[in-house]
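J.: Below are the chains, spelled out letter by letter.
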Amino acid sequence: MDGENIIELRGVDAGYPGAVILRDVSFSVKKGEIFILLGGSGCGKSTIMKHMIGLNPVLAGSLAVAGLEWSAKTRAALCRKIGVMFQSGALFGSMTCLENVLLPLEEFAGLGFKARTAKALALLDAVGLADAARKLPAEISGGMRKRVAIARAMALDPEVVFLDEPSAGLDPITANQLDELILSLRAARGMTFVVVTHELPSIFKIADRCAMFDKARQAMIALGEPRALAESSEDPFVKKFFSRGGA
Amino acid sequence: MGLTAAVGKRAVKYFAGTGEALAFLGETAVSAVALVFMPHRFRFADCALAFERAAAGGLPITIGIGFLLGLILAFQSAAALQMFGAEVYVADLLAIGLFRELGPLITAIVLAGRSGSAFAAEIGTMKVDEELDALRTMGLEPVRFLVVPRIVAATLAMPVLTIFCELAGLVGGALVLRMTGVPPAVYWQHVTDMSSMFAILFGLGKGALFGLLVALVGCGAGMRTKSTADGVGVAATGAVVGSLVVIALADGILAVVCYCWDL
Ligand SMILES: Nc1ncnc2c1ncn2[C@@H]1O[C@H](COP(=O)(O)OP(=O)(O)OP(=O)(O)O)[C@@H](O)[C@H]1O
Ligand SMILES: [Mg+2]
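So the protein lines, in turn, are chains A and B. Numbering-wise, the numbering used here puts 46 at position 54 of the first sequence, and it's gapless, one number per residue. To get the numbering used here, take the position in the second sequence, counting from 1, and add 18.
Wrong hints could be hidden among the right ones.
Stated by the list, open to error - Derived contacts from chain B toward chain A, CB cut-off under 10 Å, selection only:
id, residue
1, Arg28
2, Val30
3, Leu53
4, Met56
5, Glu140
6, Thr143
7, Glu149
8, Thr155
Unchecked claim - Here are some of the chain B residues that sit facing chain A, going by a computed Cβ distance under 8 Å:
id, residue
9, Asp147
10, Glu148
11, Asp151
12, Ala152
13, Arg154
14, Met156
15, Leu158
16, Gly223
Said to hold, decoys possible - Computed list of chain A residues with no C-beta within reach of chain B, every gap over 12 Å:
id, residue
17, Val12
18, Ser18
19, Gln79
20, Gly81
21, Met183
22, Asp227
23, Val230
It should be emphasised that the hints constitute simulated quantities derived from the structure, not laboratory data. A virtual CB, placed ideally from N, CA and C, is assigned to each residue, including glycine.
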């Protein structure tokens, strides 16, 4: 794939004020790509995702989404281009699942009541949760909450979708359905996906490329197609990761 | 050295907190002004819900406390005034005290305990659960979304609650005076003679101001919640304590202003 870059990181130091987690990270995500962020627990995957979605400013270097850096001026425009599913789901607890998906539609889509409700229900249906529409997030399971969050992230047809561990806590069948959903959305709308996941089968199935981070070295240690990395990487951590701690 | 460092650390933390608070105030003000020009972006439903919880939910306890307050005040002062055969002036005292000072003050304290802490806990829980981040990435500002509706609701709820508190207090006083042999008609005559429209409106305005302050402090505490196990608890406590301090300060300043301008 050699489309244009939709996300570009150059020499980024990722972390929080006073705490650098990853140093000098550079990679880019191409339009229409499914890009996976890999690494052990606590290595900074969510941290780097929070930089990409404009929640925290990078500590050094530059980060551009669709050619724009995050700033007060570009914020509104950039927010419309992205959809995010947080690791915790982050559904609004006081709203039903349907209302959660409706919220971005209400605020931005400019659709009438009927049209947006129909769209929200269709989104919930796509993640297999049409019958949970009227339930509160507290009344559904963790995996269901994540799927509602995915539906919400998709609501405004974003250009880039960020998913933080979408399949954690899902059974293999539902996880596989989710992979299919991601692939079909990419095929149908050319959406770009940045996904944090640890599921090797899922990685091999959907990933175009992946970046791997290491907590101990505070750095990105590998970048490329998952199969190529799994087969030919010399790095002991990468090898260990793809062989699930063996070898 | 240890002491100097500790004092320095405290000072830095304190001023960082002040900076955060000012930024929050500024953001809220900007958001509120922007909403005046774009009223369709105001979250009416959220505001109505917050109003219902603060006003309707807080009504029983406010009335109860107002009633007891009137009762106690009347008892205390009647005992003293009885020595001069002047029990009936308890009515004057209640009218002046409740409308100008005690009504809004007590109501605000109840609001701080009920709604201020609830605002902090609600927003704090949302922050810990990354819901505020989710709002931001959707391009929705948490301040417009969560803070402004609650501030408007508390500011509108306070005058309503204050009136009920004051009326309940007067009823409590009437009961006591009745027992000491003052006929209700005489009591109400004294009350109406002593209460001016200005005093009543001034008290209600003061109530609205206190409501605004309680909501600001409560929402501010919620927005600053830390993602620790006790984060939400700390925020709720901070909201109540902060509200009480701010209410006392504002009341003091108003008292001085009234004295200087002879209001
Ligand atoms: N708000 C914060 N302030 C300072 N440090 C933080 C903060 N949040 C997380 N960290 C630290 O950043 C590091 C990376 O955290 P992050 O959440 O990015 O990990 P992760 O790769 O997403 O892990 P997991 O797979 O468990 O979700 C951790 O060591 C964590 O302690
Ligand atoms: Mg994470």
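J.: So, for every hint listed, does it hold in this structure?
T.: Consistency of the hints with the structure:
no., hint, in the structure
1, Arg28, "violated, 18 Å"
2, Val30, "violated, 13 Å"
3, Leu53, "violated, 14 Å"
4, Met56, "violated, 12 Å"
5, Glu140, "holds, 8 Å"
6, Thr143, "holds, 7 Å"
7, Glu149, "holds, 5 Å"
8, Thr155, "holds, 4 Å"
9, Asp147, "holds, 6 Å"
10, Glu148, "holds, 4 Å"
11, Asp151, "holds, 5 Å"
12, Ala152, "holds, 4 Å"
13, Arg154, "holds, 6 Å"
14, Met156, "holds, 5 Å"
15, Leu158, "holds, 6 Å"
16, Gly223, "violated, 32 Å"
17, Val12, "holds, 19 Å"
18, Ser18, "holds, 23 Å"
19, Gln79, "violated, 8 Å"
20, Gly81, "violated, 8 Å"
21, Met183, "holds, 16 Å"
22, Asp227, "holds, 32 Å"
23, Val230, "holds, 30 Å"
Hints 1, 2, 3, 4, 16, 19 and 20 from the list above are not met by this structure, while the remaining hints are.
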